[in-house]
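J.: Order-wise, the sequence lines are chains A and B. All letters in the first sequence, in the order written, are residues 1 to 151 by the UniProt record's numbering. All letters in the second sequence, in the order written, are residues 1 to 513 by the UniProt record's numbering.
FYI, nobody ran anything at the bench for these hints, they're computed from the structure. Every residue gets a Cβ at the ideal spot worked out from N, C-alpha and C, and that includes glycine. Be aware that one or more of the hints could be misleading.
What the hints assert, rightly or not - Okay, derived cross-link-like pairs now, DSSO-like style, lysine-lysine, Cα gap no bigger than 30 angstroms in a straight line:
id, chain 1, residue 1, chain 2, residue 2
1, A, Lys2, B, Lys290
2, B, Lys494, A, Lys2
3, B, Lys289, B, Lys494
4, A, Lys2, B, Lys498
5, B, Lys290, B, Lys254
6, A, Lys2, B, Lys395
Said to hold, decoys possible - What follows is a list of derived Cβ distance ranges for each label pair:
id, chain 1, residue 1, chain 2, residue 2, range
7, A, Val19, B, Leu485, 33 to 41 angstroms
8, A, Val19, B, Met198, 19 to 27 angstroms
9, A, Val19, B, Asn138, 51 to 59 angstroms
10, B, Leu488, A, Ser55, 27 to 35 angstroms
11, B, Pro295, A, Ser55, 33 to 41 angstroms
12, A, Val57, B, Thr352, 49 to 57 angstroms
13, B, Ala484, A, Val57, 52 to 60 angstroms
14, B, Leu485, A, Leu123, 51 to 59 angstroms
15, A, Val19, B, Leu18, 48 to 56 angstroms
16, B, Leu4, A, Pro148, 52 to 60 angstroms
17, A, Ser55, B, Gly246, 52 to 60 angstroms
18, A, Pro76, B, Glu296, 19 to 27 angstroms
19, B, Lys290, A, Thr26, 54 to 62 angstroms
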Amino acid sequence: MKDLILGLLFAVLGIAVIVMARSFSTIDGLQYGADLFPTLIGTGMLAGGVLLALSGVRQMNRARAAGEIAAQLPRPSWTVVLPVVAVIGYILLADTLGTGLTLALAMFMLFCSRGVRLLPAILTSVIAAAIVTFAFTRLLSVPLPLGPWGF
Amino acid sequence: MSELIDGMLLVFNLQTMLVIVVAALFGVFVGAIPGLSATMAVALLVPVTFYMEPTAAIAAIITTAAMAIFAGDIPGAYLNIPGTPASAAYVSDASALGRMGRVRECLGTNLICSVIGGLAGTLVLIMVAPSLAEFALNFSSFEYFWLAVLGLSSAVFIAPGSPVKGFLSLMVGLLLATVGLDMVTGSPRFTFDVPDLMGGINFIPVMIGCFALNEVMKLYASRESASAAAKGDSAERHPQTGTVFGKVPGNLRKHWRNVTRGSVLGTLIGALPGAGADIAAWISYAVSKKRSKTPEAYGKGHLEGIVDASSANNAGICGAWVPALVFGIPGDSITAIVIGVLYMKGMNPGPTIFIDNAEMAYGLFTAFFVANLILIPIGYLAIRSAHIFAVTPAKVLMPIILAFCIVGAFAINNSLTDVWIMLACGVAAYLLASSDFPIAPAILGLVLGNILENNFMTSMIKSNGNLLAFFERPISAGLGALVALIVLFPLFTKAWLKYRKRPALQSAPQGGR
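Kindly produce the complete structure, drawing on both the sequences and the hints.
T.: Take a look at the structure:
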């Protein structure tokens, strides 16, 4: 099932790439322009996607013929979105809250979701955020966004 | 000669040596913690190396990689969990030895084999790379096109798993490489009017996303903590006796053939584009078992296979640098990162590296020796204090790694766009990896995409679109034929398996298995 969906997605992406590549410019007098390579990639994606989708269908048929219920993979826990939320949160909040505070909050959230006890969670997130922020802003002089308090 | 001394001086100074020691400690730590791989260690290191001297930066990467590959053996022997995928091949042997109370002997032998393998790989690199580079000076765009195709196709067709999925993964990498201004016409492609994308997608945020964020997400997707798996009968419950190096000379004398074979095989497999240390370990373990007089002892605490495979994985790390330095074609995902760092440091890989940058090339060779020798003291300390790694749970480390991912991705161009790219690639890598897509082809595609396209376009323009020109020069025809062989490789293995299966099926009823 997964292979079928991913295969179709790749096929659609391949078509989109081919269509977009048609608008890339070519130089007069040259037969090949900026569009050739992306078109080849798009074609490859389309072909690979179709092959993958077909093998997905074949797998499902075989499973149905054998009377098996498709093997149920363990569904991922909902907490899988938390790292994503943490990164988006950083991108949106770092300019107002500052890198140090945002990182500490992100890490604290992740610690708590995995059952780290409160005090160690607070201490580790504050110390780790302080070290990371200090190392990158002071030692490596990276202009990380800093909040109104300067960290 | 003066270049050799200058190159050595680039390494033997206080600053670089200090960097090497710190990198070794970092490598031990990341390698010894299950779930954190050597590639992840290197990907996290790159934003920091950005601010170092070129030689120190490269030395840091070499040391971290070599150290992490060895340190992956430590939790394997103590907890039956390989620290990095490269240690997975012989983990059952190592943990069985641990249960017999022979952890120190096993890890001491591992350590010395790793050092020998690494030094052997380094010697091959030093001897082969310059002469190969001289030969490669005659290469034109046709040969480089084929070399890039060779690297990409072996990543897709030789690596284990579905070739279709590997191929699609590769296409994603190639597509990412086309983003930005086109080299031939100068027109923007797939930039969606985002100014930061005009210069193309920087591969470091992609790498951090694929190898670090992806792992963080994997932990948060699992329902129980990883440490639960270690609760079984592990070496920690058994009294450990003996010294680390006491029995090593005897073991090496007994298995010197295995050390040699593992080192040679590992270097060769490492040099093959697309196959890295983990594949080197698996193959040499299998070869060792096949050629052994006691194949039945494998997997039950037999040192022979460990000797082969632990020499091979460290040799593979060095072997991967041969195509990376000479052709700019990475041998594995670590050297894929390295190539990006080399470009950033103005040390462009390619056959002229030994002419334009002889001093730095000698510095690099020296760094390889130092990195492999420093394995001995730091590895010894790590073996003696191994319990530290067992008590550091992933749930404490992963959030800190995530913080590093964010800040590291930002630091490359000082822009939040790179953090978005890191996020998108991490999520995509997580989704693809959980459907059994290999990630390495995508990285190779991104790194090699521009080389592939430029040489392809140059060749097409030179030959006026005549595809036969790709086979007209002898070397390029040879490389083309090699590519064809590799593409057909899955068919060969299928035929071989069928051939092997037939007699096995006939004897099955009598065998009673």
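J.: Take a look at whether the Cβ-Cβ distance between Leu4/B and Pro148/A falls inside 52 to 60 angstroms.
T.: 55 angstroms, holds
J.: Please test the hint of 51 to 59 angstroms on the beta carbon pair from Leu485/B and Leu123/A.
T.: 58 angstroms, holds
J.: Can the restraint linking Lys289/B and Lys494/B be considered satisfied, given a maximum Cα separation of 30 angstroms?
T.: Within the cut-off at roughly 22 angstroms; holds.
J.: I want to verify a distance hint. Is the separation of the beta carbons of Lys290/B and Thr26/A within 54 to 62 angstroms?
T.: The hint (54 to 62 angstroms, Cβ to Cβ) holds, given that Lys290/B and Thr26/A are roughly 55 angstroms apart.
J.: Given the hint that Lys2/A pairs with Lys498/B, test it: the Cα-Cα distance must not exceed 30 angstroms.
T.: 28 angstroms, holds
J.: Given the proposed pairing of Lys494/B with Lys2/A, does the C-alpha separation stay at or below 30 angstroms?
T.: 25 angstroms, holds
J.: Is the straight-line distance between the alpha-carbon of Lys290/B and that of Lys254/B 30 angstroms or less?
T.: 18 angstroms, holds
J.: Could you tell me whether the CB distance from Leu488/B to Ser55/A stays inside 27 to 35 angstroms?
T.: 19 angstroms, violated
J.: Does 52 to 60 angstroms hold as the CB distance between Ala484/B and Val57/A, or does it fail?
T.: Check failed, 30 angstroms falls outside 52 to 60 angstroms.
J.: Using the Cβ atoms, figure out if Val57/A sits within 49 to 57 angstroms of Thr352/B.
T.: 51 angstroms, holds
J.: So if I understand the rule, the pair passes when the alpha-carbon distance is 30 angstroms or less; does Lys2/A with Lys395/B pass?
T.: 29 angstroms, holds
J.: Given the hint of 19 to 27 angstroms, is the C-beta distance from Val19/A to Met198/B inside that range or not?
T.: Given range 19 to 27 angstroms: holds, Cβ gap about 22 angstroms.
In this structure, the earlier hints numbered 1, 9, 10, 13, 18 are contradicted, and the remaining ones agree with it.
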